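**Student:** For reference, the chains in residue letters:
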Amino acid sequence: MLRHDLLVVGAGGAGLRAALAAARSGVDVAILSKVHPLRSHTGAAEGGINAAFSEQDSWENHAYDTVRESDWLADQDAVEVLTREGPDAVYELDHMGAIFSRGPDGRFLLRPFGPEGIPRTVFAGDTTGHVVLQTLYQQVLKDRLRVYEEWLVLDLILEDGFCAGVLAYEIPTGTVHAVAARAVILATGGAGRLYASTTNAFICTGDGMAIALRNGIPLKDMEMVQFHPTTLPGSGILITEGARAEGGYLLNARGERFMGRYAPRMMEQAGRDVVCRAEQTEVDEGRGVNGCVLLDLRHLGEAKIMSRLAHTRELCVTFAGVDPVHEPVPVRPGAHYFMGGIHTDLVGRTTIPGLYAVGECACVSVHGANRLGGNSLLELLVFGRRVGENAAEFARNQKGVEISEARVRDAERELARIVSRSDGERWAALRDILGNTMSREMGIFRTGEGMRQCLAVIKELQERYKRVRLDDRGRVYNYDLVSAIELGFMLDVAEAVVVSGLARQESRGAHYRRDYPKRDDDNWLRHTVVHRDPLGNLHLDYLPVRITRWLPAARVY
Amino acid sequence: MLVTLRVRRFNPETDLEPRFQEYTVDVPEHFTVLDALITIRERIDGTLAFRYSCRMAICGACGMRINGLAGLACKTALRSALNDGTVTLEPMGNMPVAKDLVVNMEPFWHHLRTVRPYIEPHPARIGPQNEYRISPELVDELSEVVRCIMCGACFSDCTVDEIDINFLGPAALARAGWLVRDPRDSRAADRLRELSKPHGIWDCTRCFFCVQVCPKDVKPMEQILRLRRLAVEAGITDNNGARHTQAFVDSVKETGWLDEFTLVPKSWGWNPVALLPELPTAVRMLVRKRAPSPVHPRQPGVDEVRNLFEKTERKRSVKDDA
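As given, the protein sequences belong to chains A and B, one line each in that order. Going by the numbering used here, the letters in the first sequence line up with residues 1 to 557, in that order. Going by the numbering used here, the letters in the second sequence line up with residues 1 to 322, in that order.
Check before you lean on any hint, since a few could be wrong.
Unchecked claim - Derived DEER-like restraints, expressed as beta-carbon distance ranges: (1) Gly424(A) <-> Leu138(B): 46 to 52 Å; (2) Glu162(B) <-> Arg146(A): 27 to 33 Å; (3) Arg421(A) <-> Pro28(B): 28 to 34 Å; (4) Gly103(A) <-> Glu254(B): 55 to 61 Å; (5) Gly103(A) <-> Phe248(B): 40 to 46 Å.
Because the hints were derived from the structure by calculation, they are not lab data. Given the structure is predicted, the values throughout are model-derived calculations rather than measurements. All residues carry an ideal CB built from backbone N, CA and C; glycine is no exception.
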């Protein structure tokens, strides 16, 4: 059996940062990922990383902006950790070899990101995530860490209440393995693919969240799904917030900068949830252009676009057939980021000893109900390091547990059952229904009635999923099977999202209900915690929000 | 629009050799090659295997040969790739096929690891408390290489790797080209020495394929040529590649034209042991009257050629100073 002190599942920014921190504290670390690390979705992050670098700024400012953007749902002690450790975490990445954009003095160039317009966001053109991922992977090569590439995690192995490893499916050969570990970190990323239109890569299917849920481990604030205001129609490809940070306008069909009606002070720089709702309202009231609004960058000029937004221009030309130097780009909101995730404490511990979670699949929580742009890359650097070090410490003091080979045989039988089924539906048909229903009912605007219908659809899809049929019966690179397994994960995560959202009878951040349009701090200034019992039923609990300094106030733009 | 995708397929569990399969699908005009492939695996044939993830030309997963040239399926508009309504898709080259369009990229990753693709600061040097100071000009220059997404397209179509799989290849060398110029790295000279060995920078034949197929416009060949310049400037000339280049320069500067007779011995550093295996070729060339004349007179007007050399060199040194 394969055995390591610490196993990190997922090789995006959070997983790699955690693995490096753990390895450098002296334990034997392995990384397991369903794709090669460089294919991870961290690489698609564009805009930048926030931290209070400048002398006019402070971690308190950054923390306050983060808390206000979260609509006061973020835990302020967690936000304090994030913002205090921010600058060092980024300097550390610079010392590892990241190439960030520089000013004439050779120091970091900062971009004003988010509502307050304070220059706080370090960036690498508009491919910051790419640079972060390449840099971390280079360090993984330097440290010669073992990577199980193209291994899909199937389940956790819990023994005597401890996490003892994972079951995984080796995609190149179709073999099921048990990987024993004294501690496991889940860093499996988000679940944007629950939605028909998303900025996320095809691999963002909520695997880790679903596996936690299935093992009775609570998920937190799952109803909080961020939509991004500027995605390309059809493909959902992300156009960075940096485009607006650099001065881009949003226009409706009449050529008006409509944000003036919704956020007179902040205009296009208002909170992402606010801008999304404004865009959708323009479209719904007939002032859209084929279901979109227009992002106008022309006044920035070709030189600025090429130096700051070169990748954005390439994306617009390639995937929308529009050159932003000469024409406005049609954009619309798309599912972008899960603020919620596996419930953890400040060092990534879940409710199971030995099991940790970090990054988008986790919820510490620093994003609350609406994430501040530029904070997700920061989160994976700061908490990746913390969680890696902490899990390593735990692993060092833990005895290994034997894993019964029966778990492997059970998993093999289960997969064989799926592969051999001769009649039934294709997974893609079910996924389309899921995506369309989630986009319609769990999107920017929600209602109790709509969410109830959505839940009914998900329940039905879960039943139909039991009869999914595959075309591919082989063992080598059976992506048909991989996609079917992923759909199973997605359906379970979707249920948690809808159940959590249905219960929250208020509007806060990304969770906007037409039937409860006001924020209700008296009743709902609290975290939603959902867990599944052994019979498969979901239960809701609530946790108080940790407020240390900043009392809730209205968000005004 | 009705399109036909002609896909080279191979399943190691059932096939003895690859075969082509044609799929005809009705897809929207704006579809990419990847969109069409996804339509096939979801609606028509779930056994078709290919990698993909971000669908926005940043993850590098969907490298494949499209009408014979490597590229990203997600970045290629279907309409632009059609010949008489058909597009031909094959796995990338220079790497073993695992299944259908999926290749085993280990040879590519092996070369990347070989160039030690990470910053190695001097162990005794303490870095700054905050970020390193790097000029924006250098960041701009390096970003051309930094944007490489390791998709493997250049390696797939590299004509040198086709005959010598040990050639480090365009992507790994380009990445090394970043590290050599990175002020945080302490091993520039060592790196240039390592890269000047056989299978390194001097083995590129400048065929331009990597420049042509790179979906991120990294221009790997230009990075390799830059490394050659840096190696020569660093005095690392004790190799056939550097000597070969110098032989060209010397001959033209001296006589106004290329002295083919001495080119080979000069490249080999007049080393008799190394030259011995070339002797039969030389004899055959003599017999067939293909050998260049050992007499190599100076061309009239050679002074003008020399002037050109001096002018160019002066220009470059001014540029370097600036």
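**Student:** Give a verdict on every hint.
**Tutor:** Checked hints:
no., hint, result
1, Gly424(A) <-> Leu138(B): 46 to 52 Å, "violated (58 Å)"
2, Glu162(B) <-> Arg146(A): 27 to 33 Å, "holds (31 Å)"
3, Arg421(A) <-> Pro28(B): 28 to 34 Å, "holds (32 Å)"
4, Gly103(A) <-> Glu254(B): 55 to 61 Å, "violated (49 Å)"
5, Gly103(A) <-> Phe248(B): 40 to 46 Å, "holds (42 Å)"
In terms of the numbered hints stated before, the structure departs from hints 1 and 4, listed from lowest to highest.
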